[in-house]
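Colleague: If you want the building blocks of each chain, they are given just below.
There are 2 protein chains.
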Amino acid sequence: MSEAISNLSRKEQVIRKAAELFKEKGYAAASMRDLAHLLGIEAASLYSHIKSKEEILRSLCFDMAAEFQKSLAEVESKKDISASEKLRNGIIGHIQVMAKDLTASAVFMNEHRHLSQPYLRDFLLMRINYINRFKSIIEQGVQTKEFKDSIDKKLAVMTLFSSLNWMPMWYDPGSAIDPSQLGFQLADMLVNGLKKND
Amino acid sequence: MSEAISNLSRKEQVIRKAAELFKEKGYAAASMRDLAHLLGIEAASLYSHIKSKEEILRSLCFDMAAEFQKSLAEVESKKDISASEKLRNGIIGHIQVMAKDLTASAVFMNEHRHLSQPYLRDFLLMRINYINRFKSIIEQGVQTKEFKDSIDKKLAVMTLFSSLNWMPMWYDPGSAIDPSQLGFQLADMLVNGLKKND
DNA sequence: AATTTCAAGTAACGAGTGTTAGTTATATAT
DNA sequence: ATATATAACTAACACTCGTTACTTGAAATT
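Chains as they are written, first to last, in the working numbering: chain A, 1 to 198; chain B, 1 to 198.
FYI, nobody ran anything at the bench for these hints, they're computed from the structure. These numbers come from a predicted model, not from an experiment. Among these hints, one or two may not hold up.
As the list claims (entries may be wrong) - Straight-line Cα separation of at most 30 Å, DSSO-like style, residue types lysine-lysine; simulated pairs:
1) B:154 with A:135
2) A:145 with A:79
3) B:154 with A:100
4) A:196 with B:79
5) B:135 with A:100
6) B:153 with A:86
7) B:154 with A:154
8) A:79 with B:196
9) A:79 with B:195
10) B:154 with B:79
11) B:153 with B:135
12) A:153 with B:25
13) B:79 with A:25
14) A:154 with B:195
15) B:195 with A:153
16) A:145 with A:195
17) B:196 with B:135
18) A:154 with B:86
19) A:86 with B:148
20) A:135 with B:25
21) A:148 with B:196
22) B:17 with A:53
23) A:195 with B:196
24) A:86 with A:135
25) B:100 with A:135
26) A:196 with B:154
27) B:17 with A:154
28) A:145 with A:196
29) B:25 with A:196
30) A:154 with B:148
31) A:25 with B:153
32) B:153 with A:148
33) B:148 with A:196
34) A:100 with B:148
35) A:100 with A:79
36) A:196 with B:78
37) B:53 with A:154
Let's have the full structure, built from the sequences with the hints guiding it.
Modeller: The structure is reproduced here in structure tokens:
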């Protein structure tokens, strides 16, 4: 079935262009005719490759979610590691997943709310689960007294996620700082703060 | 002209409801018929109070922008204050402005891109200006050696803004932590980090 | 009591939406 | 050479969109 392969290839072209469009204009404001025009075809022709507009969004959101999941599971699997090291690795992993596809990451973050049920519910459950696993790492760090106990844990974890999730909106992959440095510095800033600690 | 006052009053009711709707569904996905239904009137009746859908968005975005502007100007006006104290005050001020209207803040952050030209251009220029003024505070802190010079300044300021700007998405005003504590802790976390510094 | 203002209503417009049905030209496989 | 699969096309559907023109009943002002 070599059809399947080449079909997938063209389908992925459509999905990637859609990601760019969704990132730029937002899912709701992006029309299928816009997307078709970007690809140089007619709107109806898109349906040779995809089932619906929302199928594109689903595929973008859930593929990213799976990659985040995988990255965090790998960090969690390593035993005998301090909480701050675990947190650092989690942050770096998250950044690396995003850096592999900044466009899809932006869609994942900003457009997931346009998923219909039951997909939206599933998505949000996965997301809460992911956040809670980071929260556990922070709580572990508080217990081992690596981290302050003065800071609200929900605040801490949401601040962390806010910082991570907005990265695709401003990060320029052609800039001086590369993704692995970015992850490292971001982790340092969140764990150690801006202030000199001497 | 008592008409102006009562008209403004009803107009503001419309705008506030619109803010809720825009926050929940996004500007593009929110229809004037949705908004009218929430207010218990017909869609066409909205136009007794507002000129267009986008006028609502403009008013939400630029009113918030003015408040942020005012808050930062006040912080900047205080002389003989360390960079970290200035940054802390800037963060607390920003959070307080947001906390006064979480719904409008969410729209300000997420929906401004649906402004048409030339409003979008104006908005983005104001925003860059605001960000750069925070960046100046950070640079000042690096010069006085309060802050590390190892961290990329763009990264630092964008991380800061990401944290601030996502707050309206998760903060529950009925929760244990109140807005002024939130601002204080957020500032502490970003300046000093999660780690204990002893 | 007469007039004006306010906030709503009805009806409809032109344009744009996602999507379907059915067709066709080109490239590939048999 | 023939059959198949791919990727496009045209035409159209039912629907929703923001908005305008005009009207109406109630409240406030004179």
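Colleague: Sort out whether residue 53 of chain A lies within 30 Å of residue 17 of chain B, counting only the CA atoms.
Modeller: holds, 29 Å
Colleague: Do the alpha carbons of residue 153 of chain B and residue 135 of chain B lie within 30 Å of each other, as the hint requires?
Modeller: OK: residue 153 of chain B and residue 135 of chain B at ~7 Å, within 30 Å.
Colleague: For residue 100 of chain B and residue 135 of chain A, compute the direct alpha-carbon distance and say whether it is at most 30 Å.
Modeller: Distance ~28 Å between residue 100 of chain B and residue 135 of chain A Cα, so the pair holds.
Colleague: Take a quick look at whether residue 154 of chain A and residue 195 of chain B sit within 30 Å of each other, Cα to Cα.
Modeller: holds, 16 Å
Colleague: Does residue 79 of chain B lie within 30 Å of residue 196 of chain A when you go C-alpha to C-alpha?
Modeller: holds, 23 Å
Colleague: Taken at face value, is the distance from the CA of residue 135 of chain A to the CA of residue 86 of chain A at most 30 Å?
Modeller: holds, 12 Å
Colleague: Compare the distance between the alpha carbons of residue 153 of chain B and residue 86 of chain A with 30 Å, and conclude whether the hinted pair is satisfied.
Modeller: This hinted pair holds, its Cα atoms lying about 25 Å apart.
Colleague: Holds or violated: are the alpha carbons of residue 154 of chain A and residue 148 of chain B at most 30 Å from each other?
Modeller: holds, 27 Å
Colleague: Against the 30 Å threshold, does the CA-CA distance of residue 86 of chain A and residue 148 of chain B hold or violate the hint?
Modeller: holds, 23 Å
Colleague: Hint check: residue 25 of chain B vs residue 196 of chain A, CA-CA at most 30 Å. Holds or violated?
Modeller: Measuring from Cα to Cα gives roughly 43 Å; hence the hint is violated.
Colleague: Can the restraint linking residue 196 of chain A and residue 78 of chain B be considered satisfied, given a maximum Cα separation of 30 Å?
Modeller: holds, 24 Å
Colleague: Is it true that the CA of residue 100 of chain A sits at most 30 Å from the CA of residue 148 of chain B?
Modeller: Holds, because 29 Å separates the two Cα atoms, which is no more than 30 Å.
In summary, the structure is inconsistent with hints 13, 29, 37 from the numbered list given earlier, while agreeing with the others.
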